[in-house]
Structure formats: structure tokens, C-alpha cells
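> Chains as they are written, first to last, in our numbering: chain R, 7 to 222; chain U, 7 to 222; chain P, 1341 to 1672; chain L, 1341 to 1672.
Careful, some of the hints might be misleading.
[Stated by the list, open to error] To give an idea of the interface, some chain U residues facing chain P are shown, with a C-beta separation under 10 Å as derived from the structure:
{"hint": "1", "residue": "16"}
{"hint": "2", "residue": "28"}
{"hint": "3", "residue": "40"}
{"hint": "4", "residue": "43"}
{"hint": "5", "residue": "45"}
{"hint": "6", "residue": "47"}
{"hint": "7", "residue": "82"}
{"hint": "8", "residue": "84"}
{"hint": "9", "residue": "85"}
{"hint": "10", "residue": "91"}
{"hint": "11", "residue": "111"}
{"hint": "12", "residue": "187"}
{"hint": "13", "residue": "191"}
These are computed hints drawn from the structure, not numbers from a lab.
Note that this is a predicted model, so its numbers are computed, not measured.
Don't be surprised by glycine CBs; every beta carbon is placed ideally from N, CA and C.
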Amino acid sequence: MSYTGTDFRRSAAAITSKISAECMHLCELDSAVGDGDHGTTIQRGTKAGLEKLQTSPPASLSEDLSSFSMGMLSSMGGASGPIYGSFFMGMASAAKGHESADAPLFLAMLKQGLAQIQKIGKAEAGDKTLIDSLSPAIQAYEAALAEGADFATCLQKMTAAAWAGVEHTKSLISKRGRSRYAGERGIGSPDAGATSMAFMLECFANTATGDKSCAS
Amino acid sequence: MSYTGTDFRRSAAAITSKISAECMHLCELDSAVGDGDHGTTIQRGTKAGLEKLQTSPPASLSEDLSSFSMGMLSSMGGASGPIYGSFFMGMASAAKGHESADAPLFLAMLKQGLAQIQKIGKAEAGDKTLIDSLSPAIQAYEAALAEGADFATCLQKMTAAAWAGVEHTKSLISKRGRSRYAGERGIGSPDAGATSMAFMLECFANTATGDKSCAS
Amino acid sequence: MRKLINHPDDLAVELIDGFVLTNSKKVKRVARHVCARSEAPIAGKVGVVIGGGAGHEPLFLEFIGRGMADVSVHGQIFAAPTPDAILTAIQAADAGQGVMLLYNNYAGDVLNFDMAQELARMQGIEVETVLINDEISAFPPERAEERRGTTADHIVIHIAGAAAESGASFAEVLRITRKAVLNSRSLGVSTAPCTLPETGLGTFTLADGRMEFGMGLHGEAGIRQCDLLTADQTADELLAAIIADLPFRAGDEVIALINGYGATTRMEMFLVMRRMHAWLAEKGIAIHASELGEFCTAQEMGGVSVTLMRLDEELKKFYDCAADSPGYKSIS
Amino acid sequence: MRKLINHPDDLAVELIDGFVLTNSKKVKRVARHVCARSEAPIAGKVGVVIGGGAGHEPLFLEFIGRGMADVSVHGQIFAAPTPDAILTAIQAADAGQGVMLLYNNYAGDVLNFDMAQELARMQGIEVETVLINDEISAFPPERAEERRGTTADHIVIHIAGAAAESGASFAEVLRITRKAVLNSRSLGVSTAPCTLPETGLGTFTLADGRMEFGMGLHGEAGIRQCDLLTADQTADELLAAIIADLPFRAGDEVIALINGYGATTRMEMFLVMRRMHAWLAEKGIAIHASELGEFCTAQEMGGVSVTLMRLDEELKKFYDCAADSPGYKSIS
Ligand SMILES: Nc1ncnc2c1ncn2[C@@H]1O[C@H](COP(=O)(O)OP(=O)(O)O)[C@@H](O)[C@H]1O
Ligand SMILES: Nc1ncnc2c1ncn2[C@@H]1O[C@H](COP(=O)(O)OP(=O)(O)O)[C@@H](O)[C@H]1O
Ligand SMILES: [Mg+2]
Ligand SMILES: [Mg+2]
Ligand SMILES: [Mg+2]
Ligand SMILES: [Mg+2]
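Extracted from the complex, chain R is given alone in its bound form (with noise of 0.2 Å):
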């Protein structure tokens, strides 16, 4: 198995139609301690990727990453549009040259992109960030990995550790964004970003995988 073009212009739509699913719900988890508005900000930057990937040829797994980005980054703005532009831009750069992905690759590209973000954002792991579904779940990801699971296990263990991370994030305090005026009021809300960043993280594990549950 590897991850191929095709397979990331399925993810993107699968990704698309599962954030347009989760968009109020999303909203409302942002309306707690912020301004309420990241389901309808990622659901404008998935819906322009996806339109951007559709409307250019055929092309490499990077070069489609790259679009993809680019397609978000000019429509959601927001903290969370340089911040979800950076991460596919990253996954792009790390993927430059590869017909497809394997699974080494794979973690590299979603290291690559956990870096942009934090270089992009400056925010740390237990910041109440989408950074607390991405990082367990690129470590949980890298442990099958080296424990010697097959590509499909690594993406489920990826997604199991997102979600995790994602119920993490209830019990931490906020220090970026809108929500870090929040403080301990924040505390059992778990962060919009974070769980949108898990969302995609499993749209990518079940079309990799062949799972079109998540397409829905």
C-alpha cells in the first residue's frame, strides 16, 4: 500500500464533506471560548482546496498538497488559515519529488507539517492547540511505525491517539488564539482546532485505507 495523488485528491474530498458535515458543530465548539467561527472558517478553506485541486490537472502528490494549501490559505484567514496552509504546505514539501507516499514517508510529511505549523505559530504541545491531536497522534503514528506495523495500522493508531488528544485538550488551559483570554473557564471544552485537525487526520486514514465511511 502507499499513499498516492489520487489518494490525497480523495482525502481532500472526503475531507471536505466531513467538515461540512461537522461545520456547527465545530462553530459551537469555538463559540465556547472564542469567537465561534472555525467550523465556518475550515469549511471555506477545505471547500476552496478541494475546488482549486478540481479546476488544475492532474498532478504529483506534492504539487496537489501544495494547491490544496494555497486553496486554503487565500480563503479561511483567521489564526487557523496560515496555521492549516502551513501544515499542507509542509506535507507538500516533505512529499516533493514522490510519485506516492510509504509509510516512512507519510510520517515524514506529517512531521514536516506539524513543523510548519509551530513554526508558523509558535505554539507548543498542551498550548490547547490543534498541535495536541496532531503530535500524539504523529508519535503514536512513528511508535507502530517502529514497532513494525503496516501503513493501514499506523494510520489507525494515528487517528485512535488524534481523537486522544482531542479529549486531552478538555483539561488543558488555553494559551493561544481568541481562547487564551478564557483561562480556567476553558477547562471541559476540548479545542475547535484540535478537533478539526483530528477529523482530517481520519479522512486521511480511511482513504488511504479504502474506507469511504468518512466520505459521507
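Chain R is fixed; fit chains U, P and L with the ligands onto it per the hints.
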């Protein structure tokens, strides 16, 4: 029994405290179909009228009625300011040259008050205004007087008819002031101004007959 | 209640205090309820007095200044001013060239202003009245003289003020102002009620997601309630009624005005304005100027009104003059 | 919800459509999310770009014009604009004398504007950033660089715009603008929440009769909730905190500003202004000018903020220049 300047000063005090006590109630009545300020407006007017009396030297019944009128006129504004100002001014002009009012003169005063209201406000009986408590009140008074009733009885009949008039305004469609726009939607609510007029007439009656219950 | 106030009895006076302090370089306090532009009365100029109940700010309080009115007189919240205050206002505006009383056609206002007009005439001051009655919903065109004044106010006041400023005679100022009124039509829609600050009582009830056309500025009942329409649909309904009323026709040139009633966002106003431009273009009606803002409010009522004023060359000339009042500025 | 909108996705673009139609004589559309004063870029003049999330109108959209900014760029409601739109805005302001990016210090804005600044520099445009951070509640003075920008915006923009208009060099415009920011302090209180037009969700909950100090412009949590205070008490609390923060001292000369957040009546603002004048007089702080209005809103949020800006001769000179933008006019 006759109604003197001193009696009017007592009436004015009784009216003022009664209106203050009923202020919110009158606002609520006005709020159903008008703009909800009749209570505060008439409260402001009676307070100002009373203050005018209290800060002016002892004077005739007519002069005191006229001072009270001026106090209302220069403090109330709205539709009810000129209307109530005219009412007391009419009473004052009918009382002119008399030390005190007996039952027939008091009737003349009421009639002159009503005439002034109609001169300035152009409303007819049935338009759902304070005329709809004042006018039947005067008729009841006049009928009692014609039947030979004493002053106190005339005043009691007046008060009862005023309240019956208030009750009757519930069935009327407003043709004057802000409430006219409500049309049939105003049916069921008594007119605010008719209600404040009934309180005033009741206070007149109580103070004239020595009943202090109104000066609560 | 959700309002920042002190003692309810002091509202009207304290709000005028704050207004005068805010604009001390350009306005002065003449009496508790009366404010004037600093230079009033202005020699050789017809005086313009405006006024009404408070609670509609910036109307009328803040529309005094160059190219606007000379004096404004206010009552309590939603209550017409008293005759003695209006008389003081007339005196403060009088430079011997005549004084025009320009206000909205409500029973309470007419009663009080008419009394003051009588008193002023008895003092030998030449005074005439022009009533503003632009709101179309409450009465059909045949009964236009019973209609209420609403959101055409500040442009009528501006044209009157500019005409007076130009040195026009009393008769001319009256004629031009009446023409401005006769060519103005407004209709609004409310989306949220407001509360009276003295009592905390609501002026009317309106469920979330409902709207009422023709609701008055003091919560007077409107003509039609319905489920909330879109901005475009709302503009369509308001414009169709207004255009048919004058009627406005292809080739006319107008001022196109959107007024917010209080809690309305400028976003909503811009959406309605956007549609209005498309509408008028389609009808062949030219827009000489667009205005958008809160000019006439009903406390924190939600909703908008649309006003159109048809211009001829004379009205256009005065409209295009500069206006410099705290509540309305126009830089030509 | 109680708002007049069309399709939620189109809000930001349609509101800009309406803005440009309303002000077509003085502003132009540069791109979907970018507007400029008609003359921009202006030869020989430093360019000033302002922007941020939409939904705070008139901020920033309407503060372009003479003595104000050259270009404004907007995102969706409460969401910072995107880097490509900001880049377009920079290009539209660039007359070769340098372009200043002037906006409020929020994480989302900084991320997007910084990206655009990089892109513009790669194209050889000289670009620098000045962040506005006048709001005192969220961080102590030692962490002032983390503070948010709020209701000092339009006076900072005016001083920046007037300085640029005067022909000052890029370095001078940056210095003067930074000085204006450093001398500004704001604090607000919310009395009623607002709803996001896209979703109808409230940004926060606040019971009737309660108020929250330091509430952010997007519903970010404040620092203290309490029962509704009077207008005077509210002014006292806001001023005590602001004055201690800079600190402002006897002998200082200031601009005293009251901003309404959306659903606030001007009546309430005038009451707070009234008390502010008494307060500052007592402290020996002179008021050079008072401003009152809705300059920076958070949809239909209720409440007010107070802003003080301490002036020196240089700031006063630029503040006193004329401003002619759709959202803010000052006639000198
Ligand atoms: N510096 C940061 N690094 C990583 N993620 C961040 C950062 N700041 C904010 N986020 C994420 O962005 C989400 C909010 O996104 P969104 O609501 O779209 O933007 P905004 O805060 O501008 O309204 C947060 O829930 C958080 O996960
Ligand atoms: N033309 C009129 N003649 C007699 N009474 C009137 C007239 N117009 C209004 N009123 C009375 O005034 C009352 C309203 O007074 P108020 O609320 O104080 O004034 P406003 O209508 O200006 O708010 C009505 O309830 C009615 O009884
Ligand atoms: Mg958000
Ligand atoms: Mg009333
Ligand atoms: Mg009233
Ligand atoms: Mg946002």
C-alpha cells in the same frame, strides 16, 4: 360642603401620590398600544404641579388650579401634557372669581375642563382617550345633581362612572395618539389616559368628601 | 434592563449635558432642554428650530450646526417637549427673519409646538411650521397629512438649513422645505424590540425570527408581521411600496438612504443598500447620493428603514451644500 | 436570529459591495476584499493599509479617505483577511514611499499580515507593521505587547493618515503612529451579547442586568462580571483603570472617546461622556477633543468602551487635521 382652594391643594397632593403609586401600572397600559410612558409622564406632571403649588403663596382656587396646570404643561410634554394642562386650565377659568365651589360650580368646572381638552385635542367620545372616562363621569355627576343629590353623592357617582368609562375603553378602537396605529389590536386594553383621569377624579372626590384613602 | 443610566428622572437632561460637553466648540446650552449652534441667532438668517421627544439620537438633538438647524429642543424619552421649552428655542433662533418650526408629525409634538407657536406670535415673532410626514405605512396617500415623520428628517433639515444659510427669505425657506418633505417617502421594518430606559418596559414584543413592517419609532403598531426575510427580500418589499407611493419614476433623481434603528449592524444596512442600488438602476431611477447610518433611532430597536427623496435642481443644490453638525456631516 | 442577511457565505463580499456603492464618489473596489480611497496610490505619499476581520463596521472598512488610510482589507466576519488579499492591498497603497500595515494585535491578523508582508518584501515593496494594542484588561503593562487592539483604532489611523498626508517620510510616519499607539489606552464593558450572522450562535452569554468588563470584540472572555452599574459608576470604573495604566497625570492633554459596541444608545454614551468630563476635570487632565459614536462595533453587542489618548504637540497637530472617510469625518 364646598370645595375650596385648600381642598384643591389636598386633592393635588392626593393625585400626585396616587399617580406615583400607579406609575408603572399606567406605563404598562400605555405600553400595550402606545409607547409606554404615560405613567412617568403624568407622574412628572403631577409632581411639578404640586411643587408649583407648594412654592407659591396661598391663592384662590382658580389661581391654584392654574398653577397646577402650568406645572403640568411645563413638565410633561407628550400628548398628555397639553391635554391635562388644558383640563386644569379649563377648571381654573370656570372657578375664576369664586372663593370655593359648590356642587353646580364644580360641575361647570369639569365641563369647562372637558371643553378645553376637546378644543385643543379635537377628540370625541369613543376615540379611546381620557375623554371616555371624563365625559361619562361628568354626565353621571350632572344627572345626580339634577336628581337633587348632594355634592358628595354627585362626586361618588362621578367616580363610579369614570371607572365604568375606563372599563368601556377596553372595547374601543383608538382614533387618537400613538395607540391609533394598533387598530383592533388595542381592543381588550383600557386606555392609559382614561385610567389616569379616573384616578384623578377619584382623588378629587375623596379629598372633597374628606376621605383620605387616596393619599396613600 | 441592559442600559447604562443613572436616575431615570434625569435621563433627558443628562444626555443633553453629555452632548454639549462632547461638542462644546460648536454648540451651546440655551436651557435645560434646548441646545443651539454656537452662533445662533444668526443675523440676517431665517431661524430653524427642530425638536421632539428624546431617545432617537442623533435625531433631533445633534442636527444643529452649519447647513443644519439653529436650535433643537427635546422632551423626555419619546415625549414631545413642553411649550415653554419650545418657546425658549424659538427665541434662541429668532434673528428677526422668521423662525421655522420643523418637526415630525405626531399628535403630542403638534399639540406642544402649536401652543409655543401661539405664545411666540403673541411676542411678535414670525413663526411658521413645516411638519415632516414621510412614513407611508400608516395612511394612504389621500391622507398623507396624517402620516408620521421618520427617517427623512436629517435630509429635510439639511436642505432647510442650507436654504436658510444661503440667505433665502422666510417664504423661500418654507417653500423649499415643504418641497423637500413632499418629495420624501420612507418605510421601515423592525426585527427586534427596544426597552424604555425609565421603566425597563419593552415597547412591543416580536419573536426572534419575525419582523414587522411599518412599526413606529415608539413601538406604534405596524402593518404586517412575517417571518424574517433576507436582506434582498426586505429591500424589495420596502422599495416596491415606497416607489409606488410618490410614485417615483424612471428618470427621477433621488437620495437613497438606509437608516438603522439602533441595534442594526452596518453590515445589514450595506446589504440592503446593495440591493437598493440594483433595484433603482433597474427602474431607471438615478441615485444622486447614498446615505447610510443611524440618523433616527428608536433606542436599541433592530431593523432598517429606507428613505427616498426625489430631487429637482433646487433641492439638489441645497442638498449638496456642506453640513457640519455633530450628528450629520457632509463634506462637499 | 434577528439579522437581515442573504446567504451567509456571501456576507463579507456583499457588505463591501454595499459600502462601495454607498461611497462610490470617494472609494473604489480593488479586489473582492480590498477597498481603497479613489486616489490611491498617491504619488509621494507613504501608503497606509488597515484591515482585519469584518463585522466591526465602520472599523476598518470605512476608515479610508483623506487624512485616514489609503486601503482597507477585510476577512470574513471576525476572521482576519487572507495573505493574498493583504498583498493586493499593499500593492494598491504602494507609491514607492513605503507602506505601513496598521492593524489590531490579534493572533490571526498577525499570522496573515506577516505572511503578506513577507510576500510584498519579496516583490521589493518596503513594508513595515505597526500593531495597535490599546486594550488594558487582558495583560498587565509589562506585557503590553500582547495586548489587543480595540477602540483607539480610528484616532490612531487618523493621526497616521494625517502624518502621511503631510508628506512625512516613512520613518516619520512609523514613529508618529507608534507614538499614538503608545499613548492610547482603552477599556470597555459589555451589557448584551451578539450573534454571529453566519451561524446565529451567540458569542457569549450574559444575563439581563449583568455586565462584563474587558470583554473582547469577538466575545473573548473579560476580566470581571457584576450586576449592571449606573452610567456614572461604569465611567468611574473604566476611567480609574485606564488612568492608572499609562498613567495619565494632571497636566496631560487627551482625546476623550466613548465608543458604542453596537446596540448601545447614544443616550448611554452621552451619560458616560458626561461623567468622564467631570472625572478628568477633577484629575486636572485637559480634554483637547471629545469623540462619541460607534467607531468599532462587535455586531450588536451592548456596552461602551472608553479610550484616552495622551497628546503632545505633534500628535495634536495631526489629530487636528481634517479627516474625510465614510466612517469618520472631522472638519477642522
Ligand atoms: N498559534 C497557534 N498554533 C496552532 N494552532 C492555533 C494557533 N492559534 C490558534 N490555533 C488553532 O486555531 C483554532 C481557531 O481557529 P479559528 O476559529 O478558525 O480562528 P480564529 O481564532 O481567528 O477565529 C484554535 O482552536 C486552535 O486550535
Ligand atoms: N387628542 C387627544 N385628546 C384627548 N386625549 C388624548 C388625545 N391624544 C392622546 N390622549 C390621551 O393621552 C394618553 C397618552 O398620553 P402619553 O402616553 O402621556 O403621551 P404620548 O402619547 O405622547 O406618549 C392616551 O392614553 C389618551 O388618553
Ligand atoms: Mg474562531
Ligand atoms: Mg405614551
Ligand atoms: Mg410618549
Ligand atoms: Mg475568527
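> With reference to the structure, classify each hint as holding or not holding.
Tested hints:
Hint status for residue 16 of chain U: violated, given a least beta-carbon distance of 25 Å to chain P, over 10 Å. With 10 Å as the threshold, the beta carbon of residue 28 of chain U stays out of range of chain P, its nearest partner Cβ sitting at about 13 Å, so the hint is violated. Nearest Cβ of chain P to the Cβ of residue 40 of chain U: about 7 Å, under the 10 Å cut. The hint holds. Checking residue 43 of chain U against chain P: minimum C-beta separation of about 5 Å stays under 10 Å; hint holds.
Interface hint status for residue 45 of chain U: upheld, as the beta-carbon distance to the closest one in chain P is roughly 7 Å, under 10 Å. With 10 Å as the threshold, the beta carbon of residue 47 of chain U comes within range of chain P, its nearest partner Cβ sitting at about 6 Å, so the hint holds. With its C-beta approaching chain P no nearer than about 7 Å, residue 82 of chain U sits inside the 10 Å limit, and its interface hint holds. A least Cβ separation of about 4 Å between residue 84 of chain U and chain P falls short of the 10 Å threshold, and the interface hint therefore holds.
The restraint placing residue 85 of chain U at the interface with chain P holds, with a minimum CB-CB distance near 4 Å, inside the 10 Å limit. Hint on residue 91 of chain U holds. Least Cβ distance to chain P is approximately 8 Å, under the 10 Å limit. Residue-level restraint check for residue 111 of chain U is violated (minimum Cβ-Cβ distance to chain P is 27 Å; threshold 10 Å). For residue 187 of chain U, the interface hint holds, since its Cβ comes within 10 Å of a Cβ in chain P; the closest pair sits about 4 Å apart.
The beta carbon of residue 191 of chain U comes within 6 Å of a beta carbon in chain P, closer than 10 Å, and the hint placing it at the interface holds.
Of the hints listed earlier, those the structure fails to meet are numbers 1, 2, 11, in rising order.
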